[in-house]
Every structure is written in structure tokens, then in C-alpha cells.
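Chains A and B are the protein sequences, given in the same order.
With the numbering used here applied, the first sequence covers 1 to 255.
With the numbering used here applied, the second sequence covers 1 to 260.
There could be a bad hint or two in this list.
Unchecked claim - With a cut-off of at most 16 Å between alpha-carbon atoms, the simulated EDC-like pairs for lysine to aspartate or glutamate come out as follows:
id: 1; chain 1: B; residue 1: K9; chain 2: A; residue 2: E127
id: 2; chain 1: B; residue 1: K26; chain 2: A; residue 2: D107
id: 3; chain 1: B; residue 1: K255; chain 2: A; residue 2: E17
id: 4; chain 1: B; residue 1: K9; chain 2: A; residue 2: D176
id: 5; chain 1: B; residue 1: K24; chain 2: A; residue 2: D107
id: 6; chain 1: B; residue 1: K26; chain 2: A; residue 2: D146
id: 7; chain 1: A; residue 1: K92; chain 2: B; residue 2: E40
id: 8; chain 1: B; residue 1: K171; chain 2: B; residue 2: D62
id: 9; chain 1: B; residue 1: K96; chain 2: A; residue 2: E127
id: 10; chain 1: B; residue 1: K97; chain 2: A; residue 2: E177
id: 11; chain 1: B; residue 1: K97; chain 2: A; residue 2: E99
id: 12; chain 1: B; residue 1: K96; chain 2: A; residue 2: D146
id: 13; chain 1: B; residue 1: K26; chain 2: A; residue 2: E147
id: 14; chain 1: B; residue 1: K79; chain 2: B; residue 2: E40
id: 15; chain 1: B; residue 1: K255; chain 2: A; residue 2: E15
id: 16; chain 1: B; residue 1: K24; chain 2: A; residue 2: D146
No lab work stands behind these hints: they were computed from the structure.
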Amino acid sequence: MNKNILFSLEGVAVEFERHYLSQRSLREAVGRKLNGHKSEKIIALNNINLEIREGEHIGIIGRNGAGKSTLLRVLTRVITPAYGKVQVDDSKHIVPLLELGIGFQPDLSGRENCFVAGMLMGYTKKEIQEKIESIIEFAELKDFIDEPVKNYSSGMYARLAFALATDIDPQVLLVDEVFGVGDEFFMKKCMARMQHLMNRGLTTIFISHNVDFLINECDRLIWIENGELMMDGIPSAVASAYRNQDSQLRLVNAN
Amino acid sequence: MILSDYIDKRSLRFTWYYSLSQLKTKYRYTILGYLWNFIEPALYLVILSLVFAVINRMNISDYAVFLFSALVPWRYFEKVVNLVMESLVNGEWLLKKMYVSPFAFPINRLINASFEFLFSIIVAFILFAFLKENWTIHRAIIPLAILPWAIFGFGLGLICAVLYTFFRDIKPLVQMLLTLTFFTSPILFNRSVFEPNSLQARLMDYHPITYLAALFQKPVYEAIWPSQLDWTISITIAIASLLFGVFLIKKYKSKFYYYL
């Protein structure tokens with residue numbers, strides 16, 4: 001376990017303000033100040049301490065709204081936590097698959113989007129150029145690659161995004177429940193590629209509600225509930241604790 | 001102050017490539033695309049100069065040259081402020097999903113607006129040629145004279161971008177202030193319409209655009225070099241607004257996620 005630390009979180013807390021209005025306006029803000037209203041806060045993550053090392057395969061479980069996706073957003077530095085310290089190894093290509101096709105612009109063609117999104121993952125134009133043909137081939141989009149992606153079907157979109165995310169040279173992959181897209185054949189292709197990459201030492205962090213999948217694929221499981229880290233350890237142990245809690249809850253509800 | 005503290009390499013690569021792709025896309029589906037970039041400012045300039053030449057009772061070709069000289073940078077400035085102001089909110093599709101420097105989208109908008117400015121400056125010079133103005137060496141200063149305008153527009157745009165992220169209703173306010181600034185500045189009318197030492201003439205001395213406009217009006221219309229005072233005040237305004245804008249972004253960037 002002397003591998004490099006890729007992510008380190010220390011006492012991280014994320015709070016959301018509950019907005020009464022979907023949009024903030026100056027009028028509202030002044031009005032609130034004058035009336036002395038305080039906005040309510042929702043704690044999305046609380047006191048999270050975590051270290052993730054190179055080559056780990058981590059699964060994150062928890063009920064809806066537990067803070068799993070927020071945690072991934074903290075890891076990708078999209079969210080800056082209100083408290084605590086986040087350290088991320090910037091030298092690695094960290095590829096988020098929070099949803100398929102992030103960084104895709106509807107008006108740009110599939111090819112252009114590969115470059116734009118690829119650059120956001122930290123690749124240079126040359127690196128993308130070298131891989132573009134194999135990306136197109138894997139995504140099965142030969143005839144459509146120069147069309148604007150707004151004309152793509154959701155399956156085409158997802159295929160291109162997955163091909164791009166996994167083809168160049170990802171070192172860390174953050175996956176948030178994205179394997180429900182595409183047809184069965186493409187799913188199989190995706191899984192085969194994921195397994196190949198994981199065997200090669202790719203660091204992966206999965207969020208999934210499919211606990212059996214996580215037990216099979218991961219070597220460490222993290223359970224988050226109400227923004228707190230409940231358990232962090234061997235997949236089978238964490239999974240059974242998670243499931244027990246779940247059945248206890250159901251009993252309470254039934255009574 | 002190191003640049004890499006403000007924007008990382010990958011964000012810069014993204015911004016540059018994204019800007020180029022946008023420019024290509026904009027004109028991909030229309031042959032008129034590039035042509036339109038010439039027609040639009042030409043029409044605008046011609047109509048405005050006809051109307052205001054009548055109001056100001058000036059010789060049309062003389063007035064047109066005067067007007068164009070400062071109107072072209074003003075239009076660029078206004079565009080930069082507006083585009084940069086909305087850049088963060090419009091960049092929501094990415095900013096909420098993947099890490100990219102908060103300066104990536106503002107810089108992207110600056111590049112796009114500057115590209116359009118190139119077209120309008122060409123149009124202005126074509127029109128100058130028609131108006132039989134004598135060409136003097138002073139016009140060579142224009143590539144330098146646009147810099148304070150660009151920096152001022154970008155800085156002010158950044159300030160507005162932060163405000164706009166938190167308060168969506170400031171947009172009409174900003175528009176109103178820009179319009180007010182425009183109509184009170186000596187872009188539409190020549191300062192010489194006021195009596196020297198009159199209140200209006202003295203007020204002009206306190207109008208920031210007076211000095212920025214002089215960077216264009218003097219070399220183009222009066223065929224003289226801008227004064228040291230023009231440069232000093234213009235550059236000071238530009239740098240001050242840029243520093244303040246950058247400061248605001250740095251200060252509030254961790255909050256953007258929740259308000260986009």
C-alpha cells in the first residue's frame with residue numbers, strides 16, 4: 001500500500017443553501033436582508049476523511065440523496081467544500097463520467113466535441129488526434145462524426161462519450177451510474193473495456209445502486225448516509241452492513 | 001502574481017480550441033456568414049452617421065469619420081462587457097460538471113468579440129477610404145489603442161459576471177448604465193460643440209470614455225497622436241478594472257456552483 005495518494009480529503013463538509021426561489025435576484029437579496037431572514041442550510045457532506053490511492057477500485061453506496069454524487073463532484077473539484085481540505089493529484093488524467101457526454105456542446109460536431117472534452121480531461125491536441133480514429137470506431141459513429149451532436153440519439157451520444165473517456169489514456173475514472181445507457185451489445189463492450197482498464201491498473205471510483213456489481217468489481221467499498229461516512233472497508237462487509245441497515249429500516253417502517 | 005495561479009494549462013487549451021470551433025461553427029452553414037460580419041457594422045455605421053450628421057449640422061463625411069473613430073471601439077467594448085457578463089451563467093453546462101478555470105469562459109467570450117471587432121475595423125477603414133480622408137501615419141497606433149478598451153471591457157465584464165451570477169436582475173441595470181455612459185460621452189458629438197470652460201465641457205473632463213475615445217479620435221479624425229494624459233488615464237482605468245474583476249472572481253469562485 002505504498003502507492004501514491006491521488007485524492008485526500010480531510011474534514012470535508014459541503015453545505016447547500018435552500019433557495020426559496022430558483023433564481024437569485026438583487027431585489028430578493030435586499031428584501032431578505034431587510035427582513036432579517038436567514039436561509040436554511042442543508043448539509044450534503046459532513047466531516048469526510050478519505051484517502052484514495054493509485055490503482056484502487058472503489059465503490060460508493062448509499063441511499064438516494066446520501067451525498068454520493070456530491071462526493072464525486074468534490075473529488076473532481078467542481079464543488080469547493082465549505083470546510084476541510086481537498087488535495088488532488090493534478091498530474092493524472094482524471095476522467096469524470098458523472099453523466100455521459102459532459103463537456104459536449106450541442107452545436108459542435110462529434111469530432112470537435114472529442115477535442116474540446118478531451119482537452120478538459122487534460123489531453124493535448126496531438127494525443128487526441130492519435131486516438132480519434134479508434135474512438136470513432138469504438139463508438140460506431142463513422143458516418144455521423146462530423147454531424148453536430150445535437151442531432152445524435154441518446155445512444156450515439158453515450159457511445160461517443162464512453163469511447164472518448166476510456167480510449168485515450170485515463171488514469172482515474174469516476175463513474176456515476178452511467179452503465180444503463182446504450183443497447184446490450186454496447187454495454188457488454190463497455191464492461192469488457194472497463195475490466196481491461198481496471199486490470200491494467202486504472203483507478204476507478206464507481207457510484208452504483210447495484211451492490212452485487214460493486215462487490216464483484218471493487219476492492220473497497222464506501223458507504224455514505226446523510227452526508228456522513230458510515231463505513232469504509234472490504235466490500236462484502238460494508239455491503240452486508242448496508243443491507244442489514246436497509247432491512248432494519250424496512251422493519252421499522254412496517255411497524 | 002503568476003499566470004498559472006489564475007488559469008491552468010488544460011483550461012487555456014480548452015478555451016482556445018473551443019473558441020476556434022465556435023467561430024468555425026458560426027459560419028459553417030452560411031455563405032453569408034463572413035459577409036454578414038461586414039454588412040452588419042457597415043449598415044449600423046452608415047445609418048447612425050446619416051442621422052447624427054443632420055442633428056449635429058455637420059458635413060456628413062467629416063462627421064462620419066469622427067463618429068466611426070470612437071464608435072467602433074465602443075461597440076467592441078459594449079459587446080465584451082455583455083458577453084463576459086453572461087459567460088459564467090452561460091457556461092453552466094460545463095462549470096457544474098467538470099473542473100475548468102472560472103476564467104475559461106470569460107476569455108472565450110473576449111476572443112469571440114475580438115474576432116468580430118477585426119471585421120468592423122476593416123469595415124470602418126473601407127468607409128474611411130470612400131470618404132476620401134487623407135491617410136496619416138497616426139492611424140498605425142490603432143492596434144495599441146484598442147488594448148485599453150479590451151482590458152477595460154474584460155475587467156468590467158468580470159465584475160458584472162460575478163454580480164450577474166448572484167443577482168440575475170442586474171442585467172438591465174448594466175445595460176442602462178452602458179447606454180447612459182455612451183450618450184454622455186463625446187462619441188456621438190464633438191467636444192467642441194460646448195463653449196470652452198462651460199459646465200458641460202468641464203464635465204467631459206471627468207468622463208472616463210473621453211480619454212479612451214481620444215485614443216481613436218485623435219489619430220483617426222484629428223490626425224494627431226493621443227496625449228500622455230489620454231494614455232495614462234485609459235490604462236489606469238483598464239488595469240484597475242481588470243484587477244478588481246480578477247479579485248472578485250478569485251474571492252467568489254467557490255460559491256459559483258451553487259448559484260449557476
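Hint-by-hint comparison with the structure:
no.	hint	result
1	B:K9 <-> A:E127	15 Å, holds
2	B:K26 <-> A:D107	9 Å, holds
3	B:K255 <-> A:E17	11 Å, holds
4	B:K9 <-> A:D176	26 Å, violated
5	B:K24 <-> A:D107	11 Å, holds
6	B:K26 <-> A:D146	15 Å, holds
7	A:K92 <-> B:E40	47 Å, violated
8	B:K171 <-> B:D62	36 Å, violated
9	B:K96 <-> A:E127	26 Å, violated
10	B:K97 <-> A:E177	15 Å, holds
11	B:K97 <-> A:E99	9 Å, holds
12	B:K96 <-> A:D146	27 Å, violated
13	B:K26 <-> A:E147	14 Å, holds
14	B:K79 <-> B:E40	14 Å, holds
15	B:K255 <-> A:E15	11 Å, holds
16	B:K24 <-> A:D146	13 Å, holds
In summary, the numbered hints that this structure violates are 4, 7, 8, 9 and 12.
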